[in-house]
Amino acid sequence: MSDVASLRPLAAVLVSAVAIPLIVGSYRRQNLREFWTILVALAKVAIVGSMVPGVLDGTVYVTDIGAYVADISFVLRVDPLGLLFGLLASALWVITSFYSIGYMRGLSEDSQTRYFASFAASVSTAIGVAFAGNLITLFIFYELLTVATYPLVAHDETAEARAAGRKYLTYTFIGGVAVLAGTVLVFSMAGTTSFTPGGIGELADADPALARLAFALLAGGFGVKAALMPMHSWLPDAMVAPTPVSGLLHAVAVVKSGVFGIARVTLDVFGPGTMQDLGVGLPLAAIAAFTLLTASIIALRKDNLKRRLAYSTISQLSYIVLGLGILSGEAVVGALLHIPAHAFMKLTLFFCAGAIHVETHTDDISDMAGIGKRMPLTMVAFAVAAAGMAGIPLVAGFVSKWYLLIGSVSAGQEIFAVVLLISGMLNIAYFWPIVYQAFFESPDAHDEKPLIESPFGGLFGSESGESTPVDGTTVKADGGDTVNDDDHDEHDDADHETDTDVDHDDHYHHGGPPAGGWDERNWHGSESTWFMLGPILAAATGALALGIVPATALFLEIVQEVAINVGVMP
Amino acid sequence: MTDAIVLAVVVPIFGAMLSMIAGLRFDRSGWTVAALTCLAQLGTALAILYTVVQDGTQRYELAGFTPPEGIELVADGLSAPVIVLVATVSLAVVVYARQAGPRGNAFYTLYLLLVGGLAGVTLTGDIFNMYVFLEITGLAAYALVASGDSTESAVAGLKYLILGTIGASLFLLGAGYAYIATGTLNMVDLSEQLAAAGYGSRLVLGAFGLLVTGLLVKVALFPVHTWQPGAYSNAPDSVSVYISALVSTVAAYAVARVLYTVFTPEFFTANPIAQTALVYAAAVSIIAGSVLAVLQRDLKRMLAYSSVSQFGMVVAGFALLSQSAAVGGVIHLIGHAVLKGGLFAAVGVVAAQTGARSIDEYAGLASRAPLSAGLVAVLGLSLVGVPPSVGFVGKFYIAVGAVETGTWPIAAVIFASTVLTLAYFARIIERMYFAQPAVEPSSDGAVAVDVGDGVSADGGEEIHSSAGASPEMVAVVVVAAVAAVTLGFAGSAIESFLEPTLVEVFG
Amino acid sequence: MIDLLTTKYNYIAAILLMAGGLYMVIGDRNLVKKVIGMNLFQTGIFLFFITTAFVEGGEPPVIQEGVETYVSPLPHVLILTAIVVGVSLTAVALTLIIRIYSEYGTLREDVITEMETDD
Numbered sequence: 001m002s003d004v005a006s007l008r009p010l011a012a013v014l015v016s017a018v019a020i021p022l023i024v025g026s027y028r029r030q031n032l033r034e035f036w037t038i039l040v041a042l043a044k045v046a047i048v049g050s051m052v053p054g055v056l057d058g059t060v061y062v063t064d065i066g067a068y069v070a071d072i073s074f075v076l077r078v079d080p081l082g083l084l085f086g087l088l089a090s091a092l093w094v095i096t097s098f099y100s101i102g103y104m105r106g107l108s109e110d111s112q113t114r115y116f117a118s119f120a121a122s123v124s125t126a127i128g129v130a131f132a133g134n135l136i137t138l139f140i141f142y143e144l145l146t147v148a149t150y151p152l153v154a155h156d157e158t159a160e161a162r163a164a165g166r167k168y169l170t171y172t173f174i175g176g177v178a179v180l181a182g183t184v185l186v187f188s189m190a191g192t193t194s195f196t197p198g199g200i201g202e203l204a205d206a207d208p209a210l211a212r213l214a215f216a217l218l219a220g221g222f223g224v225k226a227a228l229m230p231m232h233s234w235l236p237d238a239m240v241a242p243t244p245v246s247g248l249l250h251a252v253a254v255v256k257s258g259v260f261g262i263a264r265v266t267l268d269v270f271g272p273g274t275m276q277d278l279g280v281g282l283p284l285a286a287i288a289a290f291t292l293l294t295a296s297i298i299a300l301r302k303d304n305l306k307r308r309l310a311y312s313t314i315s316q317l318s319y320i321v322l323g324l325g326i327l328s329g330e331a332v333v334g335a336l337l338h339i340p341a342h343a344f345m346k347l348t349l350f351f352c353a354g355a356i357h358v359e360t361h362t363d364d365i366s367d368m369a370g371i372g373k374r375m376p377l378t379m380v381a382f383a384v385a386a387a388g389m390a391g392i393p394l395v396a397g398f399v400s401k402w403y404l405l406i407g408s409v410s411a412g413q414e415i416f417a418v419v420l421l422i423s424g425m426l427n428i429a430y431f432w433p434i435v436y437q438a439f440f441e442s443p444d445a446h447d448e449k450p451l452i453e454s455p456f457g458g459l460f461g462s463e464s465g466e467s468t469p470v471d472g473t474t475v476k477a478d479g480g481d482t483v484n485d486d487d488h489d490e491h492d493d494a495d496h497e498t499d500t501d502v503d504h505d506d507h508y509h510h511g512g513p514p515a516g517g518w519d520e521r522n523w524h525g526s527e528s529t530w531f532m533l534g535p536i537l538a539a540a541t542g543a544l545a546l547g548i549v550p551a552t553a554l555f556l557e558i559v560q561e562v563a564i565n566v567g568v569m570p
Numbered sequence: 001m002t003d004a005i006v007l008a009v010v011v012p013i014f015g016a017m018l019s020m021i022a023g024l025r026f027d028r029s030g031w032t033v034a035a036l037t038c039l040a041q042l043g044t045a046l047a048i049l050y051t052v053v054q055d056g057t058q059r060y061e062l063a064g065f066t067p068p069e070g071i072e073l074v075a076d077g078l079s080a081p082v083i084v085l086v087a088t089v090s091l092a093v094v095v096y097a098r099q100a101g102p103r104g105n106a107f108y109t110l111y112l113l114l115v116g117g118l119a120g121v122t123l124t125g126d127i128f129n130m131y132v133f134l135e136i137t138g139l140a141a142y143a144l145v146a147s148g149d150s151t152e153s154a155v156a157g158l159k160y161l162i163l164g165t166i167g168a169s170l171f172l173l174g175a176g177y178a179y180i181a182t183g184t185l186n187m188v189d190l191s192e193q194l195a196a197a198g199y200g201s202r203l204v205l206g207a208f209g210l211l212v213t214g215l216l217v218k219v220a221l222f223p224v225h226t227w228q229p230g231a232y233s234n235a236p237d238s239v240s241v242y243i244s245a246l247v248s249t250v251a252a253y254a255v256a257r258v259l260y261t262v263f264t265p266e267f268f269t270a271n272p273i274a275q276t277a278l279v280y281a282a283a284v285s286i287i288a289g290s291v292l293a294v295l296q297r298d299l300k301r302m303l304a305y306s307s308v309s310q311f312g313m314v315v316a317g318f319a320l321l322s323q324s325a326a327v328g329g330v331i332h333l334i335g336h337a338v339l340k341g342g343l344f345a346a347v348g349v350v351a352a353q354t355g356a357r358s359i360d361e362y363a364g365l366a367s368r369a370p371l372s373a374g375l376v377a378v379l380g381l382s383l384v385g386v387p388p389s390v391g392f393v394g395k396f397y398i399a400v401g402a403v404e405t406g407t408w409p410i411a412a413v414i415f416a417s418t419v420l421t422l423a424y425f426a427r428i429i430e431r432m433y434f435a436q437p438a439v440e441p442s443s444d445g446a447v448a449v450d451v452g453d454g455v456s457a458d459g460g461e462e463i464h465s466s467a468g469a470s471p472e473m474v475a476v477v478v479v480a481a482v483a484a485v486t487l488g489f490a491g492s493a494i495e496s497f498l499e500p501t502l503v504e505v506f507g
Numbered sequence: 001m002i003d004l005l006t007t008k009y010n011y012i013a014a015i016l017l018m019a020g021g022l023y024m025v026i027g028d029r030n031l032v033k034k035v036i037g038m039n040l041f042q043t044g045i046f047l048f049f050i051t052t053a054f055v056e057g058g059e060p061p062v063i064q065e066g067v068e069t070y071v072s073p074l075p076h077v078l079i080l081t082a083i084v085v086g087v088s089l090t091a092v093a094l095t096l097i098i099r100i101y102s103e104y105g106t107l108r109e110d111v112i113t114e115m116e117t118d119d
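Protein chains in written order, with the numbering used here: chain A, 1 to 570; chain B, 1 to 507; chain C, 1 to 119.
Everything labelled a hint here was simulated from the structure, so no lab data went into it.
Quick caveat: nothing in here was measured; it's all calculated off a predicted structure.
Don't be surprised by glycine CBs; every beta carbon is placed ideally from N, CA and C.
Treat the hints with care, since some could be wrong.
Stated by the list, open to error - With beta-carbon atoms standing in for the labels, derived distance ranges:
1. L39(B) to N30(C): 56 to 66 Å
2. V53(B) to L107(C): 34 to 44 Å
3. D110(C) to V503(B): 47 to 57 Å
4. P60(C) to A196(B): 47 to 57 Å
5. V291(B) to R212(A): 48 to 58 Å
6. A163(A) to V291(B): 13 to 23 Å
7. L7(A) to L371(B): 47 to 57 Å
8. A196(B) to A5(A): 52 to 62 Å
9. V503(B) to S72(C): 49 to 59 Å
10. L32(A) to L371(B): 57 to 67 Å
Bound-form chain A, shown alone:
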């Protein structure tokens, strides 16, 4: 590896920060404002992409801005691990930007300028998290990311959104405090916080009790954003945010920054060797295993689609943490590869949920029987991504889970392999009914879904009461709601790029199929606008590419580079 001084890392971070004043300045002219968003998204992915060949050849691009505090530099370094996250975030931002435009205009949301400005700020800071060269720089961007995403979570300005925002801030700031405390401990023990592949050497000789404390603080702090149980509950609540935000939170920026932070801590701060000596890998893996099983079971019982996806995210994130805790070569590769794999799949799923919401105002799974007729392309994409989540071959999720399985077996921790397999089955259990009823059932003739609907503990009533739909509707899980026909006639016209008929009142609209069942739409995109369909298909294609040709889809190569640098792979 050779360090090369370059301004490109800084440019990659700043390019979307520069967009903020432009976006705010052009608040009167929507098209110009969205033009900035797209332009900057493309510029960013170009800048990040231009560093890919160099990084794969072993070059590390460094921007050193100078000492920030206590002789710790404010430094951006693009190493393979940083590039993995940076490339992912910048690539998915392009997709999400297009989708946001379709979504926000489709719903004529308020405060769109604030939304797009915060969005740009979030991505800017997420890239900062990716490229940070030491713990302090990482912490700076990590906290700024919290601040930048807060307006997105609380976007709706309803009491529920405010409460979710408050919870989000509280959880993540407490996490931030733990990260800072861990950082200070590392600094006082090692005298440096710079990321070193394979771990900071001085930590190996430090007082083991303090080192364990530092690890617990760092992993726990980042674990808040990574939604490790029991620090996960902000994530389902944050589903009150607009769907592109959920997509961003889940796939692109926030939770991934938490997982990425854990990856940095395990691989580049403590390093596999020191972690082994301290014996902290196993507890981390155990927490992750617990989280991924529990979250999967909870997901079974969530009728609100976005909430089910949220618990699915909690579970999937723990795959990554689990791999990082197991620490064998294949497990690390699988874990890191699951970062992009999960991102593409989960983004697809959220975009589908958002498209269904914009087009039909349906949020609850029990109302979605037969929806495959109304939104064929969307539901196909949904099916593909769901299959990937379950680890079915030819989709991205399979490759990463395969590595994880091999890794856990080769590390002699077969128990985790069993956990992974059980979780895969649970994934099928909560995704398959959605896909099945969408295509093979109709609103007036659909079966019970035994595993997810009938009581297995006799507590079904309280469970469904918990999953109050996010937008304030009072739809019961059985779909027995009243539907206003006139409303639906309006929405069926909603194929145009901007739909002026739909406004905020629709938040009180009851979702579900219209009285005569779903009308049938063709397969050429008449189900929605291409602003939304395009991103959905792009994300689904990405998920497939990662699954079918992992070796040429860049990310595997980057991940292997990371594993070699860290020393867990020859």
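Got chain A sorted already, so can you dock chains B and C onto it with the hints?
Chains B and C only, in chain A's frame:
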């Protein structure tokens, strides 16, 4: 260049007299005199800073009497940044007060007296002289607080006066103890003589307790903070800005002076209980101040209690007696002055623009006054300690110090203070951006803000400030917000600037 | 104990003055009496200082013919300054009290607090 040291103190006092004399002939000369005086003082402050950077510590013997008998003024790594802070904030508040009021020559006379007092406390190298300047500062501050035209302001001023006087008297008594023990009042000389008298001596311990307690009353640490919320919230807006930014700040600086220059770390090695008591008092103040701040409905009161908490942090930084923590203490001292001054200034701007003063009235402010709301958010988040702002940098150094010295409970409190501060700031930000106004503020735009006619004492001139905030007022807040972020990147520079002075202290 | 009383009575008087003054500041509800208490407290400190200046057999520090020992002049100088400060403080305090009285019509702190909370 040592003349600059004495000029920094004399210029404002002279300006105060000039303002009074000119006021006999001209009705409106006060602002001009104050602005020119503060500009001149800023010049001298920068000259001091430059000299200290170039040549190290500078001393000036007043009236040619040699210390330790004579009084000397000292500019070193600790006092130079504080005097620049004093001069800068003084100038900014004069700019702010032009529109925000209070107006009239009496106000500016008192104001310049206060500036002179603060400069004196900052630069003096003599403990009795420090008492005198503390009292000058106090006198001017009591009168300024009472110059608000709400009925509560006089009560708040009197309460401040009584407690402030008690505090200063304790300080004086402490100086007396030290004098009995050593026969000297010069700080540097005291540090040697105290060591000679023996750190275990009851006189020395008494002197320490009285000096520090007296100063802590002025700093307004919990539980001797009771004068402070009333004084901050009932004073005219410009005065709130000034005293919140500087008065407690300079007192906290005086604490550092007493700890480092007079008693030196060796005193604490001999008496660890003294350090423990101080550090825990500071930690209690951090927590109690935050809790009290959460309970407030009035924004100025909330900010006042927030200062109780933040000064706990500063004092903890000084009292941890580690070089990193001391650097953090100074950075947080400066940072807090900028942030809190900026926040009070922003509150004044918002009040002038919309009439909103309570936290509930801030609902939906972002749509009514987007710039002000944004500035409040930036300053608030900086105070919470979101990096890379200055609020984070100070906290970081203090935390490093706490960890290095192994003072774990304090380290925990300092880390937790982020969340504690968030507890009272998040709701403001939430209300400003994500809530609809529940009740329309009394009147929109044209509000008779109670900042205009503060000084009716000097011949009953009743000038109501015209509606709205002037561009200068907004500019002052913008400068504070920009400084909050840019100062964050000055952490390492401040550290290396302080290093020679602190190395002298800590060895 | 007796010894202390006979040799250090000045200090004891000073401390009594301080304690009495402090008690008045805290305990009395009348604002004027609070200020008086504050003055007592300060006066106690002044006396304490002056006492420390005493030298056995010393004369007042004004140079005279044939006097060898003087009491220490420095505390006298300092206390002169402190007295000036104290007088100014009292003046400001009384000004404020006049204003409070004209606005509230009372000097009792508890009544004023009550009126403030009623607003």
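These are the hints, each one checked on the structure:
1. L39(B) to N30(C): 56 to 66 Å: violated, 46 Å
2. V53(B) to L107(C): 34 to 44 Å: At roughly 54 Å between Cβ atoms, L107(C) and V53(B) fall outside 34 to 44 Å, so the hint is violated.
3. D110(C) to V503(B): 47 to 57 Å: holds, 54 Å
4. P60(C) to A196(B): 47 to 57 Å: violated, 30 Å
5. V291(B) to R212(A): 48 to 58 Å: Given about 32 Å between the Cβ atoms, the range is violated.
6. A163(A) to V291(B): 13 to 23 Å: The hinted range 13 to 23 Å holds for A163(A) and V291(B), with Cβ atoms some 22 Å apart.
7. L7(A) to L371(B): 47 to 57 Å: For L371(B) against L7(A), whose Cβ atoms are near 32 Å apart, the range 47 to 57 Å is violated.
8. A196(B) to A5(A): 52 to 62 Å: Between A196(B) and A5(A), where Cβ atoms are some 56 Å apart, the hint holds.
9. V503(B) to S72(C): 49 to 59 Å: Since V503(B) and S72(C) have Cβ atoms about 37 Å apart, the given range 49 to 59 Å is violated.
10. L32(A) to L371(B): 57 to 67 Å: violated, 22 Å
Violation of the numbered hints given earlier is confined to hints 1, 2, 4, 5, 7, 9 and 10; the remaining hints are satisfied by the structure.
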